[in-house]
Amino acid sequence: MIEADAIAVARGGRFLVEGASVRVAAGEFVALVGPNGAGKSTLLRALAGESDCTRGAVRLHGRDVRTCAPGWLARHRAVMAQETALAFEMPVREVVRLGRLPHEAACTRAENAAAAARAMALAGVEAFADRGVSSLSGGERQRVHLARTLAQIDGVSAPLLLLDEPTASLDLAHQREVLALARRLAAGGAAVVAVVHDLFAATRTCDRIVVMDRGRIVRDGSPRLALDDRTLAGVFAVRGQWVTLDDGQDALLAH
Amino acid sequence: MTGRIEPLAFALLGASLLAALCIGPLSLPAESVGRVLARLAGLPVEVDERAMAVVSALRLPRAALAAIVGGSLGAAGAVMQGLFRNALADPGILGISGGASLGAVAAIYFGAIAWGLWAMPAAGFAGGLVAANIVARLARTNGRMPVAALLLSGIAVNAFAMAMMGILIYSSDDRQLRDITVWLLGSLSGASWQRVALVAPAVAAALAAIPFLARGLDALILGEREAANLGVRVESLKRVAIAVVAMATGAVVSVAGPIGFVGLVVPHVVRLVAGAGHRRLLPLSACAGAALLVAADTLARVIVAPAELPVGLVTAAIGAPFFALLLLREKGHLAA
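Line by line, the protein sequences are chains A and B. Just remember that the numbering used here sits 15 ahead of the position in the first sequence, which is counted from 1. Just remember that the numbering used here sits 83 ahead of the position in the second sequence, which is counted from 1.
One should not assume that every hint holds.
Claimed, not checked - From the derived model, a few chain B residues whose C-beta atoms are all more than 10 Å from chain A:
hint, residue
1, Leu141
2, Ile304
3, Ala311
4, Ala407
What the hints assert, rightly or not - Stretch-level coverage of chain B by chain A, calculated; a stretch enters the list once three of its residues show a Cβ under 8 Å from a Cβ in chain A:
hint, segment
5, 130-139
6, 144-158
7, 240-254
8, 292-302
Said to hold, decoys possible - Non-contacting residues of chain B with respect to chain A, defined by C-beta distances greater than 10 Å in every case (computed):
hint, residue
9, Cys105
10, Asp257
11, Val265
12, Ala288
13, Leu305
14, Leu408
Read the hints as simulated data drawn from the structure, not as lab findings. Built from N, CA and C at the ideal position, the CB exists for glycine as well.
Construct the entire structure; sequences and hints are all you get.
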């Protein structure tokens with residue numbers, strides 16, 4: 016589905032990402048982890064086709080993201096940025112509807128409204144659908160933008176969903192909900208890549224972990240494999256303890 | 084309540100147009116104006132010849148020009164605010180008004196107005212387009228035009244145009260000086276069907292492109308990055324928006340002078356009432372801008388009768404306190 020082949024991204028003469036190769040298939044939920052400045056967001060942007068690679072290429076469904084039409088890209092992948100600031104006040108419902116812009120030519124108004132409504136239900140923002148975004152808390156806003164991102168991939172088969180710290184300002188219950196939602200979307204045929212800082216949450220919900228450090232991908236595999244003791248000590252400067260939760264899932268406690 | 088705004092805006096425009104046709108040194112009842120309009124539309128009705136002459140030769144072209152100018156400024160302001168993602172942007176921000184003013188002032192200075200009615204509008208229009216072009220070129224780096232660079236180039240071009248204008252004004256003789264000063268205040272007093280015909284093509288072309296901008300400007304509310312992720316070609320959107328605003332603003336400034344506040348206040352107020360979505364904001368700003376300028380021009384004609392005020396003074400005198408009032412109301416939001 017999405018495939019980065021030895022990509023490098025340079026800004027101002029410095030490599031932010033170098034020699035990164037990663038493939039994510041439909042149905043996979045991959046957590047991108049690493050310390051601050053490791054290049055996680057830069058890699059995510061490169062996968063999204065937002066920033067041009069200095070070397071290497073990113074292919075989505077076999078097409079080079081640099082050369083495919085922005086409209087096609089927008090109908091096959093959605094990106095949730097770390098932060099989105101609205102230029103003008105808008106009600107939540109209309110912000111979520113903006114996610115349907117790429118589908119306006121192909122879908123009717125009613126279909127787009129229905130897609131936006133489904134996305135709002137999934138992200139749990141229906142309760143304040145008619146409120147202005149500026150009146151919401153940081154966590155509520157983040158869920159509004161998640162809803163907008165979900166609206167963009169509603170009805171798309173095998174979409175790519177890129178989430179940059181989707182749980183950053185959420186309370187514990189919503190963090191768990193959002194990651195569980197990402198997992199369900201992957202089960203439904205999406206490829207999901209999320210930047211996550213919380214290793215406990217990442218190991219508990221993701222199929223695969225990609226560890227980045229100083230612009231390079233240093234580990235890529237199942238949670239237990241990717242986050243071994245050496246990686247934890249070398250990359251994160253922490254020690255970890257694996258626990259098995261009562262639902263049978265393994266999760267990492269870092270300390 | 085939002086559903087009733089469009090009819091209300093049209094009603095306001097209709098009312099202001101009707102008032103513009105009725106009010107003046109020769110006060111005409113609405114019924115008489117209605118008959119004239121019916122006759123102009125080709126219906127066989129009896130009309131008072133004096134009313135016919137006043138409406139068809141004087142008031143109707145002037146009201147039409149006011150509507151075109153106000154509508155263009157309102158819509159252009161809305162486009163600029165959307166593009167710059169800032170409610171303080173206006174059509175003059177890209178140096179277009181400055182360039183157009185310089186062109187028109189140069190036409191007065193070099194006596195080009197003697198060549199014909201078209202000379203000043205042509206010089207103004209050309210000045211506006213040249214200014215927009217310079218701003219766009221100055222701001223371009225690696226095929227992109229960052230809005231901050233556009234803003235700064237606009238300031239530079241505006242300042243240069245002002246300096247050049249200052250030089251021309253300083254070395255003008257008394258008669259030129261008076262012409263220039265009056266023109267710079269912004270006035271519709273020279274309105275005629277010929278002037279309407281001069282600006283109409285540029286304005287029509289610009290307004291025709293506006294519906295195609297609405298989608299991209301909506302996406303831009305989320306930011307350039309998000310807009311690009313939603314499939315919007317942000318750089319072409321900027322180029323088209325600048326071209327549209329340059330055409331519309333250049334054309335109207337060249338016939339009416341730099342009329343302030345319409346392009347700033349109208350989209351701002353419309354956004355408060357109708358929301359930020361550009362599909363409604365752009366046409367409503369055009370409609371409200373037209374209504375406002377027609378009303379302001381009517382006021383300008385009667386307030387110091389038998390003389391008349393430049394309409395730019397009226398819009399600034401109404402617009403500035405109104406804007407200050409808005410600011411006071413919103414200060415809480417701005418601080419937050």
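* To do: Could you let me know if the closest chain A CB is still more than 10 Å away from the CB of B/Val265?
  => holds (37 Å)
* Since B/Leu141 was said not to touch the interface, does its Cβ keep a gap of more than 10 Å from each Cβ of chain A? -> Label holds. Min Cβ-Cβ 41 Å, cutoff 10 Å.
* To do: Hey, is B/Cys105 genuinely clear of chain A, shortest beta carbon separation above 10 Å?
  => Answer for B/Cys105: holds, closest chain A Cβ roughly 38 Å.
* Asked: Taking the closest pair, is the beta carbon of B/Ala311 still more than 10 Å from chain A?
  -> violated (7 Å)
* Count the residues of the segment 130-139 of chain B whose CB lies closer than 8 Å to any CB of chain A, then report whether that count reaches three. => violated (count 0)
* **10 Å Cβ clearance of B/Ala407 from chain A** => Holds: least Cβ distance 20 Å, greater than 10 Å.
* **Least C-beta distance from B/Asp257 to chain A larger than 10 Å** => holds (48 Å)
* Could you check that no beta carbon of chain A comes within 10 Å of the beta carbon of B/Leu408? => holds (18 Å)
* Could you let me know if the closest chain A CB is still more than 10 Å away from the CB of B/Leu305? => Violated: least Cβ distance 6 Å, not greater than 10 Å.
* **chain A covers the segment 240-254 of chain B, three or more CB atoms within 8 Å, holds or violated** => violated (count 0)
* Could you let me know if the closest chain A CB is still more than 10 Å away from the CB of B/Ala288? => Given that every Cβ of chain A is farther than 10 Å from that of B/Ala288, nearest at about 24 Å, it holds.
* Holds or violated: the segment 144-158 of chain B covered by chain A, criterion of 3 or more residues with Cβ-Cβ distance under 8 Å? -> The restraint on the segment 144-158 of chain B is violated, since only 0 of its residues have a Cβ under 8 Å from chain A and three are required.
Checked against the numbered hints listed earlier, the structure breaks hints 2, 3, 5, 6, 7, 13; every other hint is satisfied.
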